[in-house]
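Assemble the complex: chain G is given as a structure, and chain S must be docked to it using the hints.
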Amino acid sequence: MAMCGLFASRARQTALAATGHRRFALVVGNNSGGDDTRPLLYATQDARRIHSLLTGAGGVHPDDAILLLDGTSDEFWRALGAVEAKVAHAGQAGERTALVVYYSGHAKDGVLRLGRTHVPMADVKAHLTAAPADVRIGIFDSCRSGVVTRTKGARRAPAFEVEANSGAETRGVVILTSSGFDEDSQEADSIGGSYFSHHLVSGLRGDADRSGDKRVTLSEAYAYAYAHTVADTADSAAGAQHPTFSYDLKGNGDLVLTDMGSWREGLVVPAAAPAGTYFVVDKDVIVAEIVKTTNVERQIAVGPGRYMIKRRLADRLRIGEVRISSGQLLSLDETTLHDAPFSDDPVKGISREPTSRFSLGVAGSLQAFFDAPTRDGLFPPAGLVGAELLVRDFFRRNWVWGADLAFGGTRGTLLRPTITLPFRFSEVALGSSLFAEWPSASGRVVPFFGARVAFMFMSRTFEGSAIPAQTFSTFSPGLLGGGRYRFSDGVSAVARARVHYLLYNIDENRSLGYWELALAMAYEF
Amino acid sequence: MKGITRVWLATALLGACGGNYSNEDLDFQAALPEHDDLVAKLPAQALTTADSAEYYRTTRDVVKIFNTVLDGFLGLIDGVRAYPPTQRQPSTRIWGPFPADKFPDWQIRMVMDRKPDAAVAGFGYHFDYQLQVRRARLPDAPWLSLLTGSFAPSGGARKGSGQMIFDTVAARAAGYPLTEFGDLQRLDVTYQTVSFPVTVDMVIANRPGADSPGATYQYRERADGSGEMVFAWRTKEARSLQVRSRWLGSGAGRSDVRVTEGLGLGLGGVDCWGIDTHATFVRRDWDAAANSGSEATCAYAAP
Chain G
1 MAMCGLFASR
11 ARQTALAATG
21 HRRFALVVGN
31 NSGGDDTRPL
41 LYATQDARRI
51 HSLLTGAGGV
61 HPDDAILLLD
71 GTSDEFWRAL
81 GAVEAKVAHA
91 GQAGERTALV
101 VYYSGHAKDG
111 VLRLGRTHVP
121 MADVKAHLTA
131 APADVRIGIF
141 DSCRSGVVTR
151 TKGARRAPAF
161 EVEANSGAET
171 RGVVILTSSG
181 FDEDSQEADS
191 IGGSYFSHHL
201 VSGLRGDADR
211 SGDKRVTLSE
221 AYAYAYAHTV
231 ADTADSAAGA
241 QHPTFSYDLK
251 GNGDLVLTDM
261 GSWREGLVVP
271 AAAPAGTYFV
281 VDKDVIVAEI
291 VKTTNVERQI
301 AVGPGRYMIK
311 RRLADRLRIG
321 EVRISSGQLL
331 SLDETTLHDA
341 PFSDDPVKGI
351 SREPTSRFSL
361 GVAGSLQAFF
371 DAPTRDGLFP
381 PAGLVGAELL
391 VRDFFRRNWV
401 WGADLAFGGT
411 RGTLLRPTIT
421 LPFRFSEVAL
431 GSSLFAEWPS
441 ASGRVVPFFG
451 ARVAFMFMSR
461 TFEGSAIPAQ
471 TFSTFSPGLL
481 GGGRYRFSDG
491 VSAVARARVH
501 YLLYNIDENR
511 SLGYWELALA
521 MAYEF
Chain S
1001 MKGITRVWLA
1011 TALLGACGGN
1021 YSNEDLDFQA
1031 ALPEHDDLVA
1041 KLPAQALTTA
1051 DSAEYYRTTR
1061 DVVKIFNTVL
1071 DGFLGLIDGV
1081 RAYPPTQRQP
1091 STRIWGPFPA
1101 DKFPDWQIRM
1111 VMDRKPDAAV
1121 AGFGYHFDYQ
1131 LQVRRARLPD
1141 APWLSLLTGS
1151 FAPSGGARKG
1161 SGQMIFDTVA
1171 ARAAGYPLTE
1181 FGDLQRLDVT
1191 YQTVSFPVTV
1201 DMVIANRPGA
1211 DSPGATYQYR
1221 ERADGSGEMV
1231 FAWRTKEARS
1241 LQVRSRWLGS
1251 GAGRSDVRVT
1261 EGLGLGLGGV
1271 DCWGIDTHAT
1281 FVRRDWDAAA
1291 NSGSEATCAY
1301 AAP
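Chains as they are written, first to last, in the working numbering: chain G, 1 to 525; chain S, 1001 to 1303.
Simulated from the structure, these hints should not be mistaken for laboratory data.
Just the calculated beta-carbon pair ranges, DEER-fashion:
(1) S/F1103 - G/D507: 29 to 37 angstroms
(2) G/R375 - S/A1301: 50 to 58 angstroms
(3) G/G383 - S/L1178: 50 to 58 angstroms
(4) S/G1075 - G/P422: 19 to 27 angstroms
(5) G/L415 - S/A1121: 15 to 23 angstroms
(6) S/P1142 - G/G364: 54 to 62 angstroms
All residues carry an ideal CB built from backbone N, CA and C; glycine is no exception.
Bound conformation, chain G alone (with noise of 0.2 angstroms):
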């Protein structure tokens, strides 16, 4: 029943492309809901793919589309308000528009949660109605995300069918979203993202095109998106995850979002290679399905790259890499794969653990002993610089490891009983880092404790003596607080305490204490 909906539909369709429609698209991804919910893993990996999607095959030019990562209430508001004022700048030119907007990450109550800002679904469902836009599309990939399509016309059905209407341009309003109103949404490590997103976007890719016609209509990737979101997560602990939609657009018909006719580069399974589940691997990862039946070519737009091909027998795995260049549709040649067992299967999937993301940093530092004779008589209040290599969420989600490597030195004045000595000082400090960090709602500002090993290295050397340079090393175990500041996805400020031990054991064993402080500019990367 569904196919023939998709089947009568598509014989109604209107490429919004080919009609001369001029797409925008804001794509919001948020990992963070606030205190009272639990940091989604990839939420912001979700809102990426839509966006890369978008801006290929979906048609968007890059200048027209937004992505909006880990951002607050006030910034969304601000960036839909952008992109619309760009969609009402393109209607008074003429021009014909579609609006997309997605969301991934927290909803609870009827409201978006980004981080701890809160966006009304209802106001968001209220702007995409009001909105210049001509076609008007939101995307809701969120826990109970169906709240916003309860209202008259909702659907929680396998596809919907488009009525034709020959004679009027298309206009309307479509709303996706991901779970019924009482529904969670689902992540999955082995796609590394939500099962919804992870359709849509493999659907759109091409494999959602049941009419063969290189081109994925809405209908078709929501039926394709909720065929397999129900399948897969069917057996599920949390339960099925049903994708409803609300649908309120008249016109023309149909409305094409990928056109892979037009994309560059893109992957084809002929129509005399062998039957079944075509799985695109990358770096482990499940990046796009293919369902291929009998003596029917397939094609899906994927970007330059080399990527593993899987397909799953009964009692083995066949396997091959596949190599697409840059404006090449490669065309699969079944020879290329080869027989595996299982335990070869390319798809490992993301660890159950948080992704490990690294940051590189550079810090200007002071540091100075507590006790004074110790600063006046043996080691000197000195200036440092260094760099620091972190790695996050690598032992557990939130906690940091680093390494860092900071040197610098003084000029002073010994004064013993004796002699007088002008020396120079310097310190070569060598540390590893394990620390916490707590994230606030938005994200921006992440306060940080933890513990810290330094090997330090300190000399002195006498100018205009034939005193020898005298030397001390040691471990210097510590404790360090802090907080950072991102002032985008990859930039973060960090103003940073330590505070360390050391045991001097030259002259007599002294126990010693030695604060740090410490600016710093990080890129995550």
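Quick look at chain S alone, frame taken from chain G:
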């Protein structure tokens, strides 16, 4: 294998701990005299030319020998001081033992002690040190002191009084090679740098049968750059000669030479020179024809 690597790495890092970062060491090292503390200094602008006064050139030669001898013995100390102490005890530092330079059959070490001394005002201690040698293959043999010294601090940078004695008798008897020191049997250096005039006295005693039984040097250095060197030596023919040279910071000076024992007893000579080191007054008791100038031009009066 990985476990062994980790253990090795941990051991290496732990072994890297420590060092010689010590203020106490500095106190010990500062008690050892340095070159600039003791060497005699003639005015830098006084240059020796072919026309320089004869006794001025003699004075320079005496100062040069004085400094060379001092450098020879201070070099022994510097050779040890260039390294951090090998052993630290509350009032003792030991450097070495090291293989003796040029004589691998011998070991050398320096031992320094800080000893209570109520006579040293403001500090209450003085330092004693010995540079000692021993045959390398006889680790149980007693150490033989080649150079002994002491230093009593008196406040300020490296200020104080000290003594340094280089005694070859025991070392020669044990077979330690001292050929580069010729007939030297003992050298005594006594100095004080507490206040001006800085004084450095050196007594050289040669072995019996040497060409000269020995010599003495008495150096005085004043704050205004003026100085004095009294040099006396005796020949094996029992003839003694004394040279007393004095100079101003400007370079002008006077030298009095006198036979104090043996043939020519009482004879003497005088040279005075200006800032250009040229003679302004010359008197030779044994050669009146060589006399010239007026003694009124001399920077100093007759002693």
